[in-house]
Every structure is written in C-alpha cells, then in structure tokens.
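Chemist: The primary structure of each chain is shown beneath.
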Amino acid sequence: MTTITRDQVEHLAMLARIDLTDEETTRLATDLGVILEAVEQVGEVASDDVPPMSHPLPLVNVLRADEVRPSLAVQEALSGAPEAQDDRFVVPRILGEE
Amino acid sequence: MPVTDDVLDLTEVLASYDPVIGLEVHVELSTATKMFCGCATTFGAAPNTQTCPVCLGLPGALPVANAAAVDAAIRIGLALNCSIAQRCRFARKNYFYPDMTKNFQTSQYDEPIAFDGHLDVEVPTGDGGSFTYRVEIERAHMEEDAGKSTHVTTGGGSSRIVGADHSLLDYNRAGTPLVEIVTRPLVGAGEHAPAVARAYVGALRDIVRALDVSDARMEQGSLRCDANVSLRPRAGEDRRGPEQLAVPLGTRTETKNVNSLRSVERAVVYEMTRQGAVLGSGAAVTQETRHWHEDSGTTSAGRPKSDADDYRYFPEPDLVPVAPSAERVEKLRATLPEPPDRRRRRLQGEWGLSDLELRDVVGSGALDLIDASVAAGASPAGARKWWMGEVLRRANAQARELGEMGLTPEHVAELDALVGAGRLNDSMARQVLDGVLAGEGTPEQVADDRGLALVSDDGALTDAVDRVIAANEAVAAKVRGGKVAAAGALIGQVMKEMKGQADAAKVRALILERLGVAG
Chain A
1 MTTITRDQVE
11 HLAMLARIDL
21 TDEETTRLAT
31 DLGVILEAVE
41 QVGEVASDDV
51 PPMSHPLPLV
61 NVLRADEVRP
71 SLAVQEALSG
81 APEAQDDRFV
91 VPRILGEE
Chain B
1001 MPVTDDVLDL
1011 TEVLASYDPV
1021 IGLEVHVELS
1031 TATKMFCGCA
1041 TTFGAAPNTQ
1051 TCPVCLGLPG
1061 ALPVANAAAV
1071 DAAIRIGLAL
1081 NCSIAQRCRF
1091 ARKNYFYPDM
1101 TKNFQTSQYD
1111 EPIAFDGHLD
1121 VEVPTGDGGS
1131 FTYRVEIERA
1141 HMEEDAGKST
1151 HVTTGGGSSR
1161 IVGADHSLLD
1171 YNRAGTPLVE
1181 IVTRPLVGAG
1191 EHAPAVARAY
1201 VGALRDIVRA
1211 LDVSDARMEQ
1221 GSLRCDANVS
1231 LRPRAGEDRR
1241 GPEQLAVPLG
1251 TRTETKNVNS
1261 LRSVERAVVY
1271 EMTRQGAVLG
1281 SGAAVTQETR
1291 HWHEDSGTTS
1301 AGRPKSDADD
1311 YRYFPEPDLV
1321 PVAPSAERVE
1331 KLRATLPEPP
1341 DRRRRRLQGE
1351 WGLSDLELRD
1361 VVGSGALDLI
1371 DASVAAGASP
1381 AGARKWWMGE
1391 VLRRANAQAR
1401 ELGEMGLTPE
1411 HVAELDALVG
1421 AGRLNDSMAR
1431 QVLDGVLAGE
1441 GTPEQVADDR
1451 GLALVSDDGA
1461 LTDAVDRVIA
1471 ANEAVAAKVR
1481 GGKVAAAGAL
1491 IGQVMKEMKG
1501 QADAAKVRAL
1511 ILERLGVAG
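For the protein sequence lines, the chains are A and B, in the order given. Numbering-wise, our numbering puts 17 at position 17 of the first sequence, and it's gapless, one number per residue. Numbering-wise, our numbering puts 1029 at position 29 of the second sequence, and it's gapless, one number per residue.
So that you can see chain B by itself, here it is in the shape it has in the complex (with noise of 0.2 Å):
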C-alpha cells in the first residue's frame, strides 16, 4: 500500500511556487506486424503464440523495419508540426530486465525521426471558458514495445529455478510498434497546468485516432502517460514573464503509467501538492519514478534514479538508416485528416449545436457515428437524435461503448428514412432498433419481418376517423365548437383502433378535417 504522504493545499502551492510538467506519450501503433519483425499483433491472444526468433531476441536473428510504423511515426510528427529527420538511426537503449528479451530495447537515441514540433490545445478555464495554450513538443521516436510479465506467488516451491516468487513472461506484446512523444517543459500554465496536461494528452489521442495509427485506448494501455512534475520558486508577476522563466527548474518526479485523462489532471494535482509539502518543509525533492494509485488518487515512490539508469545508448548495428525523401514526407503530409479541434468546430456550426450539445457528443463518442451516418443519408438532427437517444441509453446500461452496440451508421440512416418517409413512427422505429441490436437485420428488413408500418390506407383510417366520431358526439361537439384540444381523447381512439399502426399527426388532421375545424 502506498505510504500517505503530506500534502499541501493547492492554493499555497502556487502562491509559493511555479508548476512546470512535461509529458512522455506512449502510443502504441495498430500495424498489422510488430516492429522490427512479422509477427501478429492481436490483442488478447494465447501467451507467447506470436513470436519469432527477432522478437524472441535469439542470436544471429536480424530485425527489419516495418515500413507502415514508420510512416505512421512520421504521419505522427507532421500532425504535431514536427520537422521529420532527412536521417535517422535507431539505437540501443541497454538494461537488463526479463519483460526485455535482448537486454536491451531498440528505440532512436540522439536521431529522432520528428523534432520541434507544437500542439495548440484548448484548455477549459472550469468557468465554462477556455484558453488555447502552445505545447512544444521536442520529439517523436520510434521504439518498441516490451513483454508483459505476471507475478505469481505459489504456496509451494515448486519452481526450481526461483522458489515460490516468480514471474511469468509473454513475449506476444514485445517488439509491438511504439512513437514515443515527448514535450518540452510546460512552463507558465500555473493553476492551470494539470488542465493542460489533460488537454494535451486528450488532444494527442484525438490526433491519433483521426490519424487511424492506433486505437489510443488508454485503458487498455495502447496509449500510455508518464507525467513529470516540478516546482521551481515564484518569481515576478507574470508566470511567463523573464523573472520567473530565469528560475532554474526544480527537481522534477516521473509519474508512470496515469491510465486516463482524468488521472492525468489528478496525477499533476497530487504531485504539486506533495511537492509543496516537501519543499514548504524545508526538505528536497527526490528525483525518482512514482507509482500512481487511480483507486486513492495518490503516488507513491518507485526506483530511485540511479547507475543502473545507465542506459549506454549506441547506434544500432543490424538496422539500416531511415531516410525518408521529401516526397515521401510530402506525400505522407497529403495524408493527414482535417483536425480534430477543427473539425468539431465545423461540425458543430453544420449540426447546428450549442458548446453543452458538441461536448456531450464528444464525450459519448457519438462524433465519428453521427458523422458517417449523415454521410450515409441521415439527417443530422435525425442521427443525433437515435445515437445520443435510444443507442447511447442501451450503451450505458450495458457499459459499452456505442461503436460495440452493433449498429451501423448505415442502419441508422435507414431508419432515420423510414421515419422520415412515413413508414414508422417513434415507437415503431424504437422495436426495430431493438430488432437491429438483436441482429435480425437491416431496419428494413427488421420492419418487414415484425410487420411494423403505419397504415398507410386511407380508407380504413377514415372509417376509424368515423367510427370513433361517431361513437364519441359529445367530444366531437366540442371539438366542433372550438375547443380543439378535445380532439386528443379521439385520436387516442383512433390510434387504439388502428392498434397504434397509424400516424397520429395524420390522424389529428384527419379528424379536424372531418370536424370541419381548422387544425
């Protein structure tokens, strides 16, 4: 369990002091093959059944770069405004560890394949605003992914290599493809730094996404956080202004692994306000690797830096040079998707939404299926309506995501049709959505098969019209003598009679129309 320690309140944090953060991304690449290698990358199968001397780190066993991870590593640099590197080598990065088959990672040291890049992100205020801040990105690289092992403790010692405590290892992740993204500093955001850490790494993962490099799911690890955090004394008025920015950094910590963007925000939280504790007692900061706990929103220290963080990076002798020629950047750079940032504003301005209506579409993911469904023939208003409705309610009761629910962007536009056309109404296309999600077909075919359509003759729905009329001359007078309102008892009627088959706007002007009344 972690230790708790002392924390100071946020406030007196940054009245004495000046955050500065600085973010690692992970993001683990959805190529078909691993790195340096063929070997599958699925995830989620059987252990150590995708792997192959290379990755295996046998000896005499030569890598060879996967030509799609490096342009998805440059595709990477270009969104996030980086120069790509005319020349770049990989290297070896060397420690001894068994998640590691080679006892070292091939990863690029000194020649990143992306340098110098920035990502304007839009951070909220917590007031309902929100201000754009510059992060300065310092590189991308390409590396690899490592094994995943599984500590196990037995009664017995039935292992005679290691006694009852051991590890298990999979090797089926190592030599996944990884870019690495690493910011400068982050300096002179003040109250507002865990906001921008959080902005940042949600906007780095939109950017992936649109990119369609990698899944970016946090949760299941394909896009990893280290946060680092320091404290340095204030200085001047402005946190931006030369006074404060002459202040040496303090001694920064390395929070790994802050598995959501909410923990992003509370990681950099937590870390100032221990921090601050630390220093306002006079002590100093040590520098080191934290844990962090999602369950107690605390991090507690890991390995201390140390010789064994000796990492003797050299060049790479079994990988060639990657030298990717301008018109392979440029061709790449015709590639990239409209920005996210951007392309919500456009959306937005041609759905018609309000910022409260835009974020809740965001946040439930709705975005992308929203967008493809309008693209297929729905109406914008119709496709918002039946995926932020029905689907998103079925979603969270079943904790799924919608994309998972099954249904299409393309069934949703046909229903929103059917709708459109008259066929169904409200509670109708509701039974053939659950048909959909039930996997009995296609909205049409679901609505043939249950027999779902209103009636659309008009000679059995005006003998209804009449027959409830008739059966109902009290209500009918009213109506007749103004008092429209009425009508609703009748077309209750009529809809029971027509065994809710029928439209009942329809039916109103039919009975107002029978009535001699203006609708």
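Bound-form chain A, shown alone (with noise of 0.2 Å):
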C-alpha cells in the first residue's frame, strides 16, 4: 500500500514551481497514492529473470545523419510566447540570477 504524504506533494509542486492550494494538495496526494498503487501490481509480476525495462519497442540505434533541416521563423517560434521582445522569448527574471 503506497501512501503519497502532503509534504511529498508539496515538494514536487515546488520542483515544478507550481501553487497548490491545500485543498488540492490533498486530493492530488490521494490521487497520486492511487495511480502509484496501480503501477506497483507491476512488481508483482517482476522476478529476477525480467530485467528491467525502460523502452518497449526491441529498437536500438534509430539515429539520424547530420543533416541540416529547415528551422521554424523566428516569428513562428515566437508564436506561442505571451511576451516576446527583440525577437526573444520575455520571461520573469529568476531569484538569484546574476
């Protein structure tokens, strides 16, 4: 039985720099708990004979040759930023940044 505390939670939401109010931070912390639970019927199943696995497909080796491809314009890259400025994306300067 996997529990997810609310200190937990709290700490990834600042790893993600995102506000919980606590009432979310306790229904997320439930909802987590759940979710853990049902990918841990997976270690059930695992023994010593199946390794672990990080990718399901049996594909090693798809890589690409150093190609040059057409990039997006400037104004398309910029299309989705709320702010952009001299052709750069604006963002909030970050605490204790030089």
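It should be emphasised that the hints constitute simulated quantities derived from the structure, not laboratory data. What you are looking at is a predicted structure, and each value in this text was computed from that prediction instead of being measured. The beta carbon of each residue, even a glycine, is placed where N, CA and C say it ideally should be. Each statement offered as a hint is correct.
The following label-pair restraints were derived from C-beta to C-beta distances: (1) B:1236 / A:41: 51 to 61 Å; (2) B:1341 / A:41: 51 to 61 Å; (3) B:1045 / A:16: 29 to 39 Å; (4) B:1124 / A:46: 54 to 64 Å; (5) A:27 / B:1236: 56 to 66 Å; (6) A:53 / B:1310: 23 to 33 Å; (7) A:69 / B:1236: 54 to 64 Å; (8) B:1212 / A:69: 17 to 27 Å; (9) B:1410 / A:70: 34 to 44 Å.
Below, in silico cross-link-like pairs of lysine to any residue (SDA-like), each with a Cα-Cα straight-line distance of 20 Å or less: (10) B:1102 / B:1167; (11) B:1093 / A:16; (12) B:1483 / B:1508; (13) B:1256 / B:1219; (14) B:1148 / A:91; (15) B:1093 / A:54; (16) B:1102 / A:83; (17) B:1102 / A:17; (18) B:1093 / A:17; (19) B:1148 / A:92; (20) B:1385 / B:1351; (21) B:1496 / B:1471; (22) B:1148 / A:73; (23) B:1102 / A:74; (24) B:1102 / B:1148; (25) B:1499 / B:1448; (26) B:1093 / A:12; (27) B:1305 / A:11; (28) B:1093 / A:8; (29) B:1148 / A:76; (30) B:1093 / A:15; (31) B:1093 / A:11; (32) B:1148 / B:1099; (33) B:1496 / B:1466; (34) B:1102 / A:79; (35) B:1093 / A:53.
Listing some non-contacts, in silico: residues in chain A with all C-beta distances to chain B over 12 Å: (36) 6; (37) 21; (38) 23; (39) 28; (40) 30.
Put the two chains together into one complex; each comes in its own frame, and the hints tell you how they fit.
Modeler: Okay, here's the thing in structure tokens:
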C-alpha cells in the first residue's frame, strides 16, 4: 500500500514551480497514491529473470544523419510566447540570478 | 560584487591539508546540426532563427539522436581510453529553468556511452621540469546544451508579465550536442593539484581538437570547465600513501564556468586557500556551487545544494537506446589521430626544436600550421621562420589568431620555395607576404604583380659590380690587400645600384671574384 504524503506533494509542487491550494494538495496526495498503487502491481509480476525495461520497442540505434533541416521562422518560433522582445522570449527574472 | 573571503597562505594549506580535485568538462560538438533535431548550430546566428518544435520543447515533438554526435562521443571516449557501452540510454534530468524549454535536459545518467578511462598528462613543476600524472576518467556522456538568457533591466514597467526586471531567451543554442567528461577524484597531487587541473584541461582540449569534434575554445564557451575542490586533513608522510588515502574526502565546492586554462589553475589555488581559511577558523566548508571572477581571481558563493537539486532522473521514453556494435567501435577507433602529446614529441624531433622553441610554437598555435606547411613542401626551418616571425608579429599586433590571418600553409610553402630558388630575398619576401595578407593573391602572383624578383641577369649585375669597383678604387685596393671585411661597403653600393633587387650573397661573391680574393 503506497501512500503519498502532503509533504511529498508540496515538494513536487516546489520543484515544478506550481502553487497548490491546501485542497489541491490533499486531493493530489490521494490521486497520486492511487496511481502509484496501480503501477506497483507490475512489481508483483516482476522477478529476477525479467530484466528491467525502459523502452517497450525492441529498437536500438534510431539515428539521423547530421544534415541541416529548415528551422522555424522567428515569428513562428515566438508565436506561442505570451511576450517577446527583440526576437526573444520574455521570461520573469529568476531569483538569485546574476 | 563578490564578498572578499579570508584566505590562508597556500604553503600553510598544504602543510595541514591534502587537496582533492575533480573536473567536469563540457565539450560542445561542432556537428552541423543539434543533438536531437536538424536545426543548424551556427554560432552567432540571429536570435531564435535555429529552432524547431523539438528544441523548443513543443508538445508532440519527437527527438531523434544525431549519428555524428554519437560517433564523436564514442571517439572522445576511445581517445580517453574509456570502455564504450554496448548499450546505453538517454535520461531526463528534470529541472525548471527558463533556459530549458522542456523543463528537462536530455542527458545520460546511469548508462553513459563511455566510462572507466584515463589520460596521462604532462604536468610542469614550475622549475622547468615536469612529471606525468594519470587522470582517471569516470565517464563521458552525451547531453544537450541550454538556451542563452540575457538579463535586462529597463527603466519602465513595459513588460506586462514580469515588470521592469526580466530575461530574454534565445534558444538557438538549446539542443546543441555536448559531451560531458567527468574525472574521478584526483588525489595525491598535493602542491601540484592546480597545475594538474590546468594540464588536464589543456590536454583534453588538444585531444578534442585533434579529433576534430569541437573547436574547443574556452573563451567562446565551446569548452567549459567546472572545478571541484575539497581539502582533507594531512595524514602520514606520503600523499599517495594508505594513511592519507584512508582519510575521507572533505566537503567540496564546485566552481562553475572557468573560462581559460590559466583560470582553471587560479580557481583551484583560490578555493584551496579560501577553504583552508574556513577550516582553519574551525568552521565547515559549505557544499555549494561558486562563481568564478576572472578579474579578481576569486570565487563567490552561488546556489547552495538544496531540495531544488532533486533532478528526478528517469529514462527518456522518446529515444531508443544507443547500442554501438563492436565493429562500429573498432571502425571509429581506427579513425583516432596520433595523440597530441606524442605528435608534439615527434615533430620536435623532426624539426630539431629545443623544448623552449617547441613550447613557443605550441603556445602561439603554430604547430598545425607549420606541420601543414611542411606537408605542402616548405622546409621546417622556413615554415617556422615565417609563421613564428613575420606572421606572428602581425597577428599579435592585430590581436588575431595565426590561422585567421588569411595565409594558408600552401602560401608559406610557395613563399619558402621562392626564397629557396633565389627569386626573392628576405626583404622582398616580406613585401610579398604583405601582398598575400592584403588578399592580392598567391605569393607567386604577388611577386609577379609587384615586379619583385632578384636580378638574375648576370650581365647587368657584373656591370654594376665593375662600375662600383672603378668608382671606389681605394676600397677595392684594401680588399685586394686582404681586408675582405671592407667589401661590405662595395656590396652596399651595388645593392643600391640594383635597387635592392639582387641577391646580396651573390653580389659579395662577384665582387671578391673580380678583385681576385677568395671568399
């Protein structure tokens, strides 16, 4: 039985730079717990003779040749940005940044 | 401005403590395209003109690894005597920072492409001697570079989302292939620890340049060094002895982005003396990153290690593993160049240079140019004379690199041949050089266009010699009488008559012959 504590949710929220209300923190702790429990069932069937797998496809070495392809136009690249200046993305200053 | 910390004298630090260093070097690969997409990596392009859905981290975009970058990483690993992973995967290093579009950096974590290597470096001892130190390499792994942020402070609150203080992001660099090379803790170097750090980074730079996988220019950030330094108490006589090695490592600091070889050495010295003062006062060293300040030669506290450094690495599901076959690895091994240190020793022997001359040649970046000039047919002495003389003088005066002067090794070989064949004397050759540097063409074209050639018409030369002898009977008599040195005055006059376009040695021989004196 996996339980996710409110502290863990708050830690994750800090890492993800999102603000959560108390209510949301409580709800997410429950929801994440349920998800982890579901995933944990995999552990029940895993045994020593089954190597851990990080990729479902039996593929390796999918590589591309080092050849330039067209990039987006600046306007396209910036089209999703809430704000742009001098063809660059505007972002808030990060605290503690020089 | 950095806070000024107390420092302890380096000798005192060494008497009480044993320094241990570790170096993390990021090499930016000079592939045509990025690590996981086909965007160009051209340096200095207009902001955000080299981006696409993959390197902007747009939803649904699918990365595909660059084959040339994988090959380059393997070659770097091989050149550092590493084992190459038979199979390895990429991983996501999660952190939220605006220079990362995806909120994670695609890197490698538990399965680096290269591991367990070493590099033997020649470390100068400061008294003209040197010793060999083996740097153990823990790993070399593939990852991608971040974007570039510029902080702006504007007068007004023009920006609706962030107020007056904000940053501007250019993602041209985001996704550029990097190889990060990490050493094991380097122990036992004692007083030479700073010199070891410098020698290692220098040797690594030479290797990636010789491999032709990066231009490795520290000042432009295509080779970046983070220096870890810690001190532990001294124990036993021998810094490599079991007593000393049994002492646990002290708390380390990581000085980020040290951007020249000299600074690598200075930064290690500074951190040793600063940490020595901290420990000496009874306090503990804080584990943190530190910023390097080039002008003052000091470091200042950056971010302390914190909860925010919880990167939650996990395997990258969008990229399949890289599994280079043994044949592929051997094929790449066959492409490795002669190791730079061995090549230098070979060329030193072939060209007959002293240690000091070799150091000058290497230091001024002329080694490859001289080598290529010799390959193009120049004599080693001639090639070295031009590159290290006239060309270097002009390059220094213009604060440019030798290779950027617009002069090719083929030009130098041609110039050397023109002098060797007796068509040009030194002063003419210098004029030809000027012309070539000014873009007037090849040495031969410049010599033709400027009408520069020694007079080969013996008749004209003999006439001039006879005229000068006739006009200076007194001097001629002295020479006939055995005062050969007096011939100098006659040579000067003949050269003047010939408007400088004569070979002085030939003039001298002719005068002596005419006066019946043996040279």
